[in-house]
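S.K.: Numbering of the first sequence is given in this note's numbering, commencing with residue 1 and proceeding in unit increments.
Think of the hints as simulated: they come from the structure by calculation, not from any bench. This structure is a prediction, so every number in the text was calculated from the model and none was measured. Quick reminder that beta carbons are idealized off the backbone N, C-alpha and C, glycines included. Incorrect hints may appear among the rest.
As the list claims (entries may be wrong) - In the PhoX-like style, the derived pairs of lysine-lysine whose C-alpha atoms are separated by at most 20 Å in a straight line are: (1) K270 / K312; (2) K422 / K392; (3) K241 / K221.
As the list claims (entries may be wrong) - Pairwise CB distance ranges (calculated): (4) G307 / D127: 56 to 66 Å; (5) L341 / G84: 18 to 28 Å; (6) F369 / H299: 21 to 31 Å; (7) T362 / Q308: 22 to 32 Å; (8) S119 / G307: 34 to 44 Å; (9) A327 / E247: 43 to 53 Å; (10) H293 / P315: 33 to 43 Å.
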Amino acid sequence: MVILSCAGRPAADRLPRLMPDVRVRFAPSPTGFLHIGGARTALFNFLYARHTGGTFVLRIEDTDETRHVEEAVQVILDGLRWLGLDWDEGPEKGGAHGPYFQSQRKDIYRRYVQRLIESGAAYEFEDKEKGGTVVKFRMTREPITVPDLICGNVTRPLNDTEMADPDFVIVRRDGVPVFHLVNVVDDIEMKITHVIRGEDHLSNTPKHIALYRALGAEMPKFAHIPLILNSDGSKMSKSDKGAALHEYMNAGYVPEAVRNFLSLLGWSPKGDVEILSLAETVERFDLAQVQRHNARFDHDKLHWMQGQYMLKMAPDRFNAMARSFLAKTGLTAGQPDDYVLRVLGLVKEKVKLFTELPEWTTYFFRDDFTADREVIVKTFGSAPQSWELLEKLRSRYADLGEWTHPALDAALRALAQESGVKAAALIHPCRVAVSGKAGGPSLFHLLEVLGRDRVLNRLATARERLKLD
RNA sequence: GACCCUGUCGUCUAGUCAGGCCUAGGACUCCGGGUUUUCAUCCCGGCAACACGGGUUCGAAUCCCGUCGGGGUCGCCA
1 MVILSCAGRP
11 AADRLPRLMP
21 DVRVRFAPSP
31 TGFLHIGGAR
41 TALFNFLYAR
51 HTGGTFVLRI
61 EDTDETRHVE
71 EAVQVILDGL
81 RWLGLDWDEG
91 PEKGGAHGPY
101 FQSQRKDIYR
111 RYVQRLIESG
121 AAYEFEDKEK
131 GGTVVKFRMT
141 REPITVPDLI
151 CGNVTRPLND
161 TEMADPDFVI
171 VRRDGVPVFH
181 LVNVVDDIEM
191 KITHVIRGED
201 HLSNTPKHIA
211 LYRALGAEMP
221 KFAHIPLILN
231 SDGSKMSKSD
241 KGAALHEYMN
251 AGYVPEAVRN
261 FLSLLGWSPK
271 GDVEILSLAE
281 TVERFDLAQV
291 QRHNARFDHD
301 KLHWMQGQYM
311 LKMAPDRFNA
321 MARSFLAKTG
331 LTAGQPDDYV
341 LRVLGLVKEK
351 VKLFTELPEW
361 TTYFFRDDFT
371 ADREVIVKTF
381 GSAPQSWELL
391 EKLRSRYADL
401 GEWTHPALDA
411 ALRALAQESG
421 VKAAALIHPC
431 RVAVSGKAGG
441 PSLFHLLEVL
451 GRDRVLNRLA
461 TARERLKLD
């Protein structure tokens with residue numbers, strides 16, 4: 001098999017086919033953070049494994065021991081778990097094909113290198129210039145064709161610099177085997193059937209194929225997925241904003257939204273659907289619909305998708321996540337649980353990102369809030385009589401029997417009518433006076449939650465607080 | 001420099017492999033209108049693309065060639 005085609009297949013063929021022998025892997029290097037592109041590669045591997053009923057292996061590529069930090073591994077595991085991508089074999093899970101850290105597989109690599117040397121496919125080489133002895137692999141001079149499930153048959157001849165010296169190093173001067181070797185060896189040992197990885201590896205794949213041949217091992221199927229670019233089309237490197245998954249974790253994104261957004265970068269479920277649960281994505285996912293060209297990261301669309309998930313989020317989960325974010329800001333320290341919960345109930349439909357929470361809720365927890373000059377001018381600038389109305393409203397509210405939103409509503413409207421103004425002429429000044437904001441939750445619900453003491457107090461001090469000078 | 005991948009609205013994409021069903025569909029953004037006591041949401045409407053140039057064909061976004069653009073690889077990094 002060489003190329004999969006997606007259109008025109010019989011309908012029955014579109015149903016998920018169980019291929020329990022499928023084994024895919026995500027093999028990140030512990031660099032201290034999880035790149036968003038890496039996360040997407042992991043996602044595609046995961047989706048393919050779940051779609052086919054196969055196995056998803058996680059392997060840590062820490063050949064360069066100086067870089068192997070326990071903490072750096074944890075970042076990867078946390079990121080994958082956050083996205084909901086649980087692996088079947090790997091760190092903290094074990095499995096029949098371990099160990100899953102390359103730093104613990106040195107004997108295996110040594111054996112394979114020995115085999116290559118004995119068969120004449122590799123040889124020791126003394127580098128006179130750099131000094132030391134390395135092991136080099138005798139690379140084929142002929143062009144090699146990569147059968148790729150996404151790109152088709154890609155034939156790559158050696159380029160000019162490779163032509164000058166086709167053989168490449170597989171064991172460094174310090175005795176540590178390089179990526180190309182360990183990657184292939186591990187995929188053979190772990191019985192990987194499908195190598196799904198970033199397109200940046202496509203040009204190196206002929207080297208890997210040559211290694212498989214020299215080792216007499218069966219080649220896996222390759223699927224090189226397009227890369228994720230910055231929104232301006234430039235390459236997304238580690239230092240770019242939004243390149244690391246933890247930025248989204250910290251910024252208050254819902255994991256499902258990020259996962260959903262990522263799945264649509266370079267893959268399409270067809271049929272004009274965009275909001276898909278993990279289960280729906282698993283059911284529809286296939287390599288045949290993966291795009292061939294790179295995709296730009298569109299922050300606006302992610303933000304929109306985040307809003308969609310936020311809106312649908314169950315209140316309990318929203319409250320739990322919101323409280324943990326709020327706790328970090330110290331805003332809710334010492335506040336009664338019950339009050340915090342009522343505030344959250346009020347702003348749930350407004351908040352799109354958890355990091356926006358302080359903006360929406362600060363005035364519920366602190367009395368020293370201010371208002372933008374622009375808001376004050378717009379509300380009171382052309383209507384100085386609002387101050388007197390607010391005074392009157394305060395005395396009505398002071399005498400209010402029960403402090404409920406219908407009662408607050410009725411009292412305000414009655415006053416407006418008696419004063420010959422529209423309700424809105426009272427509602428807006430009141431909102432600004434008690435919250436300092438031009439927008440927010442329904443005013444009467446807001447007043448109800450704020451409570452009589454706070455409202456009366458703020459109404460009394462509004463003129464002083466919102467003074468323009 | 002060489003080699004490889006790639007090119008549909010500003011962005012993500014459907015349509016391309018089996019040429020006509022495409023006066024090119026959806027979504028995000030933006031603009032206009034409506035709902036809402038405000039803001040956000042939501043609803044309705046609108047702007048906007050087949051990179052360019054040749055061919056093949058009755059007919060091309062779809063097939064072929066070239067050009068240009070974008071990305072990748074060529075490490076004793078992974």
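S.K.: Compare the structure with each hint and give your call.
M.R.: So, going through the hints one by one against the coordinates:
As the CA atoms of K270 and K312 are separated by approximately 23 Å, the hinted pair breaks the 20 Å bound. Proximity of K422 to K392 is assessed by CA-CA distance (about 15 Å); at most 20 Å being required, the pair is judged to hold. Between the alpha carbons of K241 and K221 the distance comes to roughly 34 Å, so the proposed pair goes past 20 Å and is violated. Judged by the Cβ atoms, the range 56 to 66 Å given for G307 and D127 holds: they are separated by roughly 58 Å.
For L341 and G84, the hinted distance range of 18 to 28 Å is satisfied, since their beta carbons lie about 27 Å from each other. Checked against the hint of 21 to 31 Å, the C-beta distance between F369 and H299 comes to roughly 29 Å, which is consistent with it. Checking the proposed 22 to 32 Å range against T362 and Q308 shows it holds: the Cβ atoms sit about 26 Å from each other. Take S119 and G307: their Cβ atoms lie about 59 Å apart, and the range 34 to 44 Å is violated.
Between A327 and E247 the beta carbon distance is about 20 Å. The supplied range of 43 to 53 Å is therefore violated. For H293 paired with P315, a C-beta distance near 41 Å keeps the hint of 33 to 43 Å intact.
Hint compliance for this structure: hints 1, 3, 8, 9 are not met, and every other hint is.
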